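There are 2 protein chains.
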Amino acid sequence: MDFEKVLNEKIELINEGLKNYLKPKYPPLIYQAPRDRGFAGATRLRPLLLPGACEAVGGNPADALGFACAIEMIHTYTLIHDDLPAMDNDDFRRGKPTCHKAFSEDIAILAGDGLLNLGFETMLSEAVSRGDLKYTKAALTIGELCGVRGTIGGQVVDLLSEEKKADEETLLYIHKTKTAALIQAALKAGAVIGGADSETLSALDEIGYKMGIAFQIKDDILDITSTTEVLGKPVGSDDKNGKSTYVSVFGFERANEDYLRLSEEVCGLLEKFGEKGAFLCEYAKRLINRVN
Amino acid sequence: MDFEKVLNEKIELINEGLKNYLKPKYPPLIYQAPRDRGFAGATRLRPLLLPGACEAVGGNPADALGFACAIEMIHTYTLIHDDLPAMDNDDFRRGKPTCHKAFSEDIAILAGDGLLNLGFETMLSEAVSRGDLKYTKAALTIGELCGVRGTIGGQVVDLLSEEKKADEETLLYIHKTKTAALIQAALKAGAVIGGADSETLSALDEIGYKMGIAFQIKDDILDITSTTEVLGKPVGSDDKNGKSTYVSVFGFERANEDYLRLSEEVCGLLEKFGEKGAFLCEYAKRLINRVN
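Keeping their order, the protein sequence lines are chains A and B. Per this note's numbering, the first sequence starts with residue 51, numbered consecutively. Per this note's numbering, the second sequence starts with residue 51, numbered consecutively.
Don't read these hints as lab results, they were simulated from the structure. There's no promise every hint is true.
For chains that are exact copies, the list does not tell them apart, and a pair is met inside one copy or across any two.
[Said to hold, decoys possible] Calculated pairs, EDC-like style, for lysine to aspartate or glutamate (alpha carbon to alpha carbon, straight line, at most 20 Å):
| # | residue 1 | residue 2 |
| --- | --- | --- |
| 1 | Lys73 | Glu194 |
| 2 | Lys69 | Glu194 |
| 3 | Lys75 | Glu194 |
| 4 | Lys187 | Asp247 |
| 5 | Lys187 | Asp255 |
| 6 | Lys69 | Asp113 |
| 7 | Lys184 | Glu325 |
| 8 | Lys75 | Glu219 |
It should be emphasised that the depicted structure is a prediction, and the values quoted were computed from it without experimental measurement.
Please build the complete structure, drawing on both the sequences and the hints.
Below is the structure:
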């Protein structure tokens with residue numbers, strides 16, 4: 051497999067899909083705001099994992115493209131809302147003005163609401179047009195993991211923990227809900243669409259959790275060890291913002307050990323999917339070994 | 051039918067359902083914020099219409115209770131977000147502090163996000179546990195009408211029209227999307243759950259549209275003709291806020307004529323459902339003839 055070629059083809063499909071779902075209608079601003087800002091420079095992590103998992107369990111990844119776009123819409127709404135002045139108050143993301151800076155705060159709130167809603171609409175529309183309840187199940191999997199018991203609950207705990215050192219349990223809850231949950235959602239929803247049995251779904255749940263935590267530990271480590279040039283954002287920003295990280299809570303040595311152990315476990319678990327899981331496995335490896 | 055008794059029983063069922071869906075888990079704040087503020091003093095209009103339509107088309111209204119709670123969650127999220135400082139900047143709603151005043155702006159944004167997500171989760175969970183695609187279809191109906199082509203699109207146009215007189219087409223678009231859409235959604239989703247055919251669904255679409263516009267015209271008329279005591283909020287607030295209304299755009303006489311015509315048409319259409327539609331018909335009559 052020419053991994054880079056396959057990766058680029060898959061990203062192109064997702065970009066085309068998103069462009070199509072967000073083709074401006076009336077009022078154009080509610081389509082333009084998320085298209086221009088929310089999706090700029092995105093890695094497409096979650097929408098790559100979702101059809102990847104579908105393929106790994108023996109399904110057709112094309113069946114999962116609508117859901118891949120939907121999970122990217124949902125991820126993007128969380129970024130737009132997290133950046134708002136009342137939340138993290140960030141003016142830039144990936145080097146470009148955030149949605150509320152480029153447009154206005156009210157439009158950013160509505161662009162986020164619109165993307166969350168459009169994510170669910172897209173999944174429901176897929177389920178109805180394909181006439182198969184497994185799509186409804188996949189949508190529920192995503193809905194549960196990105197809701198008040200998942201990503202949204204995590205953001206609340208994160209906001210309440212600001213300016214005080216989080217304890218181990220709280221930090222793990224935040225990383226689990228804010229980072230791992232949507233990765234688990236992508237893998238599990240893809241697998242449901244691919245027709246996975248409950249044992250395989252449990253395995254993907256475990257992989258998603260471990261991949262998410264490893265990904266976040268790597269983020270926390272890079273914030274200390276990388277350079278601004280490589281990272282594309284200021285290093286040491288977590289410390290400066292008084293943010294608890296895996297490194298500040300568990301120490302650097304333990305963070306590095308856990309990162310290596312989790313990465314190894316993820317790769318071991320993914321290799322069991324054999325040739326069908328080759329893309330997912332290679333993508334996961336690059337993801338956790340990334341340098342920025 | 052002892053209408054008041056039946057009405058109160060139905061409201062009690064909805065309140066119990068909502069209390070149950072929002073039973074505090076971790077972090078409790080994300081359940082408490084919408085429970086304490088968002089649902090205070092609500093009329094339960096949309097969650098009464100939804101099972102009412104299910105019953106009117108021959109279904110069991112108990113099958114629609116989860117969806118009734120879901121549509122109230124979605125309606126409540128729009129109120130919480132509309133009240134935010136960056137949007138309408140309202141400190142009070144129904145005589146109580148708005149969510150961002152009682153808690154904080156970040157929590158209000160997340161409480162709104164959480165309710166929208168929980169609304170979809172609730173509908174998807176109903177669809178999966180009942181194992182019937184008609185629930186997925188009902189959820190899609192609601193999702194389409196409350197999204198960027200519905201309520202959210204309407205709020206964008208409303209914000210963009212502030213401080214300038216809206217033309218007739220723009221005002222109708224705002225009333226259609228911001229008021230009628232969720233009433234149409236309630237009636238159509240209830241009817242889908244009740245097993246309605248496409249002809250009946252079209253009729254309920256028309257009823258929902260006309261009911262929504264009549265409801266909104268009545269609102270605009272009461273803002274001029276009522277007293278602060280009867281209305282429970284200052285009269286003349288639309289004019290004071292420079293808000294275009296049906297009365298300011300079409301004139302009082304035309305507004306009153308349209309209101310009476312639409313109300314009559316709604317009642318005529320609803321009477322066709324006979325005894326099964328008795329509750330819905332009576333409720334609709336009271337709704338459009340209300341004095342506050």
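Check your understanding: Which of the stated hints cannot be reconciled with the structure, identified by number in ascending sequence?
Key -> Of the numbered hints, just 7 does not hold.
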